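K.L.:
Now for the letters of each chain:
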Amino acid sequence: MKLVTAIIQPHRTDEVRAALEAAGVKGVTVSEAAGYGRQKGHTEVYRGAEYTVDLVPKARMEVLVDDADAASVTEAIVSAAQTGKIGDGKVWTVSVDDVARVRTGEHGSDAL
Amino acid sequence: MKLVTAIIQPHRTDEVRAALEAAGVKGVTVSEAAGYGRQKGHTEVYRGAEYTVDLVPKARMEVLVDDADAASVTEAIVSAAQTGKIGDGKVWTVSVDDVARVRTGEHGSDAL
Amino acid sequence: MKLVTAIIQPHRTDEVRAALEAAGVKGVTVSEAAGYGRQKGHTEVYRGAEYTVDLVPKARMEVLVDDADAASVTEAIVSAAQTGKIGDGKVWTVSVDDVARVRTGEHGSDAL
Amino acid sequence: MDSGNIAWLLTSASLVLLMTPGLAFFYGGMSRGKSVLNMMMMSFGAIAVGAVAWVLVGNSISVGESIGGLFGDPSTDFLLQSSFVSGDGEALIATGFGATFAIITVALISGSVADRMKFSAWMVFAFVWVILVYSPVSHWVWGGGILSDGGPIFSEDWFPQDFAGGTVVHINAGVAGLVLALLLGVRKGFGKVPMRPHNLPFVMLGAALLWFGWFGFNAGSAFAADDSAAAAWVNTTTAAAAAILGWLLTEKIRDGKATSLGAASGVVAGLVAITPAAVAVDPWGALLIGAFAGVFSALAVGLKFKFGYDDSLDVVGVHLVAGLWGTVAIGLFGTTTFGAWDGLLLGGGLGGLWAQIVAALVTIVYAAIATLIIGLAIKYTIGLRVSEEVEISGIDLAEHGETAYEEAK
Amino acid sequence: MDSGNIAWLLTSASLVLLMTPGLAFFYGGMSRGKSVLNMMMMSFGAIAVGAVAWVLVGNSISVGESIGGLFGDPSTDFLLQSSFVSGDGEALIATGFGATFAIITVALISGSVADRMKFSAWMVFAFVWVILVYSPVSHWVWGGGILSDGGPIFSEDWFPQDFAGGTVVHINAGVAGLVLALLLGVRKGFGKVPMRPHNLPFVMLGAALLWFGWFGFNAGSAFAADDSAAAAWVNTTTAAAAAILGWLLTEKIRDGKATSLGAASGVVAGLVAITPAAVAVDPWGALLIGAFAGVFSALAVGLKFKFGYDDSLDVVGVHLVAGLWGTVAIGLFGTTTFGAWDGLLLGGGLGGLWAQIVAALVTIVYAAIATLIIGLAIKYTIGLRVSEEVEISGIDLAEHGETAYEEAK
Amino acid sequence: MDSGNIAWLLTSASLVLLMTPGLAFFYGGMSRGKSVLNMMMMSFGAIAVGAVAWVLVGNSISVGESIGGLFGDPSTDFLLQSSFVSGDGEALIATGFGATFAIITVALISGSVADRMKFSAWMVFAFVWVILVYSPVSHWVWGGGILSDGGPIFSEDWFPQDFAGGTVVHINAGVAGLVLALLLGVRKGFGKVPMRPHNLPFVMLGAALLWFGWFGFNAGSAFAADDSAAAAWVNTTTAAAAAILGWLLTEKIRDGKATSLGAASGVVAGLVAITPAAVAVDPWGALLIGAFAGVFSALAVGLKFKFGYDDSLDVVGVHLVAGLWGTVAIGLFGTTTFGAWDGLLLGGGLGGLWAQIVAALVTIVYAAIATLIIGLAIKYTIGLRVSEEVEISGIDLAEHGETAYEEAK
Ligand SMILES: Nc1ncnc2c1ncn2[C@@H]1O[C@H](COP(=O)(O)OP(=O)(O)O)[C@@H](O)[C@H]1O
Ligand SMILES: Nc1ncnc2c1ncn2[C@@H]1O[C@H](COP(=O)(O)OP(=O)(O)O)[C@@H](O)[C@H]1O
Ligand SMILES: Nc1ncnc2c1ncn2[C@@H]1O[C@H](COP(=O)(O)OP(=O)(O)O)[C@@H](O)[C@H]1O
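Residue numbers (the working numbering), protein chains in the order written: chain G, 31 to 142; chain Y, 31 to 142; chain B, 31 to 142; chain P, 9 to 417; chain R, 9 to 417; chain H, 9 to 417.
It is worth saying that the hints were derived from the structure and are not from the lab. All of these numbers come straight from a predicted model, not from anything done at the bench. By construction, the Cβ of each residue, glycine as well, lies at the ideal position given by its N, Cα and C atoms. There's no promise every hint is true.
[To be verified] Sample of chain P residues with no beta-carbon within 12 Å of chain G, all distances over it, derived: (1) G77; (2) P82; (3) T84; (4) S128; (5) V194; (6) L257; (7) I261; (8) K314; (9) F315; (10) D318; (11) T345; (12) L353; (13) I365; (14) V370; (15) I381; (16) I390.
[Stated by the list, open to error] Short, incomplete list of chain P residues facing chain G, as computed with Cβ under 8 Å: (17) I400; (18) S401; (19) G409.
Input sequences plus hints: build the corresponding full structure.
P.N.:
Structure, rendered in structure tokens:
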């Protein structure tokens with residue numbers, strides 16, 4: 031199994047969730063994050079002073095999927111989250127040794 | 031080494047932490063998350079209107095363990111977090127290439 | 031590619047970010063966490079009562095890097111975050127199968 | 009000059025001024041975390057332009073020399089020059105008291121346009137609305153105009169009673185809120201996404217400050233520290249307390265749970281309903297007016313989902329509905345202990361009820377038409393609504409360059 | 009009718025009404041994030057049922073025609089009918105002032121039952137307690153009852169002084185809080201888990217609103233805008249300021265750090281202690297009463313861990329302890345500048361001290377027994393406490409269907 | 009004794025006391041989440057030591073028997089003994105009113121030392137500053153001292169007007185804030201890291217409570233419920249509203265966005281500027297004073313980055329700048345409707361302008377020197393500043409053992 035993690039613009043969360051459901055994904059875990067990448071270096075003026083703001087709020091989404099679905103889920107996220115502007119985020123995939131469902135104690139693909 | 035990540039009901043955090051200590055785990059990292067899985071689709075009424083609420087608050091716990099302990103730690107978490115109700119959560123395991131302790135700069139199992 | 035995750039003291043965030051930039055890292059994702067390890071067991075007095083406080087706030091930083099950079103980035107984080115006191119944190123590395131840049135849809139090292 | 013009366017009017021005017029920041033919290037807490045500052049800025053903006061509009065011409069239009077019972081001559085007291093030079097304390101503080109009423113009335117409207125109205129459009133709207141809608145209507149009812157007892161429509165026996173602003177303030181603002189909500193259209197996700205209050209303690213704080221300020225609003229409308237003021241105080245508290253119970257019981261029966269948003273809204277509904285009736289009824293009347301205001305408004309806040317207008321924070325459900333109920337209820341429970349005539353249930357006949365309904369209808373019609381014209385004029389000049397992108401990512405950042413809360417670090 | 013007195017009573021009643029929402033923030037900020045709404049709803053619920061109970065019969069029981077010095081005839085002024093019809097402003101606003109006292113007193117109790125009391129049980133408790141405990145005790149002390157100067161227990165020279173409510177309000181509520189806490193039992197994790205205040209700025213806000221309202225409470229208890237009211241104002245401020253210092257120094261010496269929770273609690277402890285003594289002592293008396301109130305309460309809030317009763321937000325440690333101290337301290341520092349007799353340290357002898365102690369004891373015994381009976385009756389009918397599951401996952405969601413804060417999104 | 013006047017003074021003193029917790033929120037919301045409690049504790053600490061210092065000797069130094077026009081004899085009314093024993097209500101409540109002024113003035117200074125001053129050093133500073141700076145300067149202006157109309161510097165025709173505290177309160181505190189900021193040095197990251205307000209709704213709440221309290225400050229400074237008080241009320245509201253507009257327009261033109269921090273700061277700037285002038289000008293004067301106060305302060309808050317002094321929360325930019333503007337503006341717009349002489353633009357000549365400038369300069373020089381001496385004395389005994397480690401990890405935890413907010417769990 032794979033764990034697909036996406037760091038996206040917070041206001042694309044709803045679209046990504048809809049895309050995941052359309053892709054047949056059965057569950058998602060969401061949390062808050064902040065980050066910078068190419069977006070770094072944006073300055074802003076506040077109360078008459080200029081600042082460099084480097085950490086921009088992002089949403090993190092994590093999806094556990096079967097090996098076979100990792101690529102298509104990644105594409106689904108990328109296309110739903112894309113606005114074409116800097117700061118759109120990253121999606122990465124990691125191999126998972128085992129998954130357990132807490133409610134039943136099942137393991138492996140059945141637990142997804 | 032392995033990283034065991036658990037998404038659980040927030041009110042089971044204390045029980046899971048106790049179980050981890052009993053299992054000899056020396057450290058844990060905890061953070062906030064929200065998610066849905068089978069639990070999806072629960073509706074609620076508020077101020078005379080009906081809504082579908084899909085993201086339910088969850089706690090995330092991460093534990094770094096030696097390879098040999100991953101399975102038993104997973105079981106310890108599953109049994110401590112289980113209430114038998116939908117929404118109980120997931121536990122997954124990922125292989126870790128290296129761990130370093132910041133305080134001393136040690137690496138590997140010694141750093142756990 | 032590798033994902034380097036660091037759990038550090040929140041007040042070392044600025045130093046670690048500077049060290050990462052010096053090491054040529056192009057992006058970082060930051061979030062909040064809490065944890066305990068050796069630091070466990072610290073007691074405090076409040077309103078005339080004594081308590082054991084076990085979860086201490088931490089910052090989590092995640093950096094996606096090329097395989098070749100993982101070790102040097104880990105060292106950079108460790109040395110920037112180190113205060114020598116208990117609670118300084120952990121840094122671990124996980125192998126990543128794939129990374130995608132949302133803005134362009136690029137994959138692999140180009141997406142970093 | 010009676011120092012006791014001036015003391016109470018100074019206090020009352022201060023209390024009513026505090027209501028608008030109270031409203032900023034009541035509304036701000038109810039809005040989402042990404043638009044709370046904009047919500048609060050509409051109240052603070054209303055204070056700024058409302059006070060300036062009032063000092064310039066609003067006060068004259070309201071209580072200046074009447075032109076055909078329709079409005080006061082705006083030049084009568086331009087920049088309060090004549091009030092000031094006269095040096096009469098009671099008249100002076102009354103102009104201040106009037107300013108605070110104009111401010112809170114226009115601020116109330118902002119609840120229906122949450123998350124999506126351009127701040128510049130709001131500032132222009134508020135300034136114009138105080139001058140063209142609030143000031144004339146207050147002239148009709150309190151300045152000797154067409155809805156007063158000496159006016160052309162009513163008899164010596166039967167004329168509308170509006171002690172502290174059922175028509176002038178609540179029906180007026182409620183109708184304006186409805187019209188603006190219709191002009192702006194619904195928010196993205198309206199009726200589908202929960203859009204729950206982001207900070208309920210702020211809603212409670214707002215309700216508390218509103219109640220506290222409302223003592224100045226209702227008991228201050230006696231324009232003296234006298235028996236009437238005391239009666240208004242007691243009725244105000246009785247009605248608000250009963251309305252909390254009315255709202256919470258309605259929720260408990262319908263949804264199974266009594267909410268804190270319900271308690272806070274119940275406070276406001278009860279206060280709105282007793283506003284016109286503060287001295288026109290006895291405590292038992294206040295108890296009934298309050299309790300039913302809670303029930304009616306608790307039921308009415310769901311209507312927007314049925315009819316599809318996005319009255320975001322329930323200006324219509326609370327201010328229009330409870331304002332109408334309180335205005336009409338005087339026709340039922342009115343009594344002459346401190347009031348002007350007996351209502352239907354006290355054997356006074358239908359005359360009072362009729363006068364109350366006519367006054368309400370006239371206010372509704374005028375407020376609707378005038379607000380529509382002002383709203384359309386702004387829509388086709390500077391525009392009313394922000395872009396969808398701004399609405400989604402949050403109006404606070406886009407319009408004010410700020411987010412309400414920063415992480416602790 | 010004196011317009012200055014009415015102006016001050018209108019203001020005072022408004023100020024005291026604001027104290028209960030202030031308490032909602034003081035207590036709500038101290039509670040955990042999952043039970044802040046329930047905490048605040050107990051205060052808002054107290055306002056609702058307290059005002060209705062008072063308007064119906066509480067006022068009559070308190071100041072109506074005395075039945076054996078024990079309670080006023082409840083029919084005297086049912087629904088305030090006779091006060092209202094009389095049309096006397098000072099009497100009318102005095103009934104409103106009385107309502108606000110009944111409300112805050114019962115609301116104070118809620119601090120001892122945080123996180124675990126059924127909301128329905130609380131509403132029933134508050135309604136009954138106002139009628140059966142608050143109203144009679146206030147009759148004893150202020151309505152010409154058994155603890156008044158004309159009463160059966162005391163002489164013409166030596167009788168209890170309770171200017172604004174040391175016995176009636178603070179000892180009464182403190183004892184009731186202790187009894188309820190014992191009936192409910194401790195919370196899961198009590199004494200082991202920190203349960204720190206989830207929002208200390210809210211605690212500060214609550215303390216500030218309480219202090220502000222307390223000016224109405226203490227200086228308003230002169231029932232006139234006169235010399236006594238001014239004396240009460242000055243002593244109130246002096247004592248509260250001194251109590252902050254007393255509390256902070258105690259913390260600094262004992263724990264090494266002066267906390268904001270300590271400053272806020274010190275404010276309340278000082279205000280509680282000076283309440284009965286507001287005009288009975290001179291500024292130096294107020295300074296000492298305040299300073300020691302801060303020290304005593306700072307020490308007393310730790311007792312619950314020793315004795316194992318879960319007085320969650322320190323109703324006993326602050327209100328009972330400082331209320332007792334202030335009541336007894338009049339026997340020491342009392343002076344006749346504005347007070348009734350000289351205390352022990354001013355050469356007045358032991359008579360005053362004795363009267364103060366007797367009044368405190370009578371109040372303690374009655375409050376304990378009556379609260380126990382009411383509590384037990386509710387326990388064995390609708391039940392007092394929520395399930396453990398609700399307590400862990402949060403009473404806000406379970407009892408009110410809400411969480412206090414939503415993420416910004 | 010006039011009950012109306014006492015009623016208004018009791019109310020005013022209560023309102024002004026509330027300003028300091030209001031300031032705690034205004035400043036606390038502006039600070040970072042890790043130092044909000046310390047910021048609020050400086051205000052609550054100022055209340056505690058300020059009230060005690062005032063009751064002990066401050067009141068005597070301010071209005072006691074004058075020693076060479078420099079200060080009142082501290083023994084005149086030690087512990088308010090003579091005020092209290094005289095039993096005169098108006099005199100008694102005036103001492104209370106005075107205490108609230110001393111408290112808020114010293115509390116204002118705390119804005120310039122955010123995040124980095126030892127709490128013990130602050131408490132000592134506040135106590136000493138009230139006695140050695142605030143009390144003498146208030147004696148000069150209001151206690152018959154050297155800056156009064158009967159004083160040695162001014163003629164019978166031309167003397168400084170400071171109705172409610174332009175020199176005594178705002179210039180005084182602004183200069184002291186600047187001196188302390190220079191003594192403490194800049195915060196780590198000053199001018200580089202944004203350090204944005206962590207909770208803007210709290211800033212709005214603070215501004216609202218400050219405005220509400222300011223009615224007591226300005227209209228209460230008439231020491232009666234009379235025509236002057238009414239004029240002060242109307243001018244206060246007019247100026248504050250105009251200042252919001254002035255500040256927001258400046259921001260809109262310069263930065264493209266009108267911020268909520270700007271609205272809140274505009275309120276305060278307008279109120280500061282109208283403070284000395286509350287009855288000295290007509291509404292059009294108030295409108296201009298307010299509008300320009302908003303513009304001037306909006307421009308001035310950026311200066312600290314240019315000159316490199318870390319006046320963290322803009323005590324200088326708001327209080328010193330707007331205080332100077334308001335003080336000088338009387339020389340321009342002053343009129344004799346309620347004021348003492350006509351200003352330059354009303355044909356009164358340069359005499360008034362000269363008197364205003366002299367009074368401002370004397371205050372600046374004394375405040376600077378005296379604050380410097382007190383600050384240096386503390387620096388070289390107990391020390392002024394916390395360690396860098398404490399500053400980075402947060403002064404709340406290190407100095408008070410608390411963090412403001414706990415996660416909901
Ligand atoms: N190397 C990286 N490691 C971890 N997270 C990253 C990395 N680069 C970018 N991110 C995350 O992705 C977000 C968007 O990245 P950014 O570089 O701004 O966009 P883009 O990929 O379009 O250039 C950042 O805010 C950060 O959270
Ligand atoms: N495929 C998934 N990927 C990531 N997280 C998941 C996934 N499925 C479930 N979760 C997480 O686990 C939580 C509980 O899952 P749920 O499906 O409701 O329970 P159950 O496993 O008992 O059916 C969810 O709220 C979500 O945070
Ligand atoms: N086994 C572990 N698994 C996951 N996180 C850990 C583990 N051990 C420590 N941590 C994280 O690292 C932080 C610091 O660890 P700690 O043991 O206190 O320091 P040290 O490594 O210096 O002994 C903890 O607060 C926790 O967040």
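K.L.:
Return the numbers of the hints above that this structure violates; sort them in rising order.
P.N.:
none
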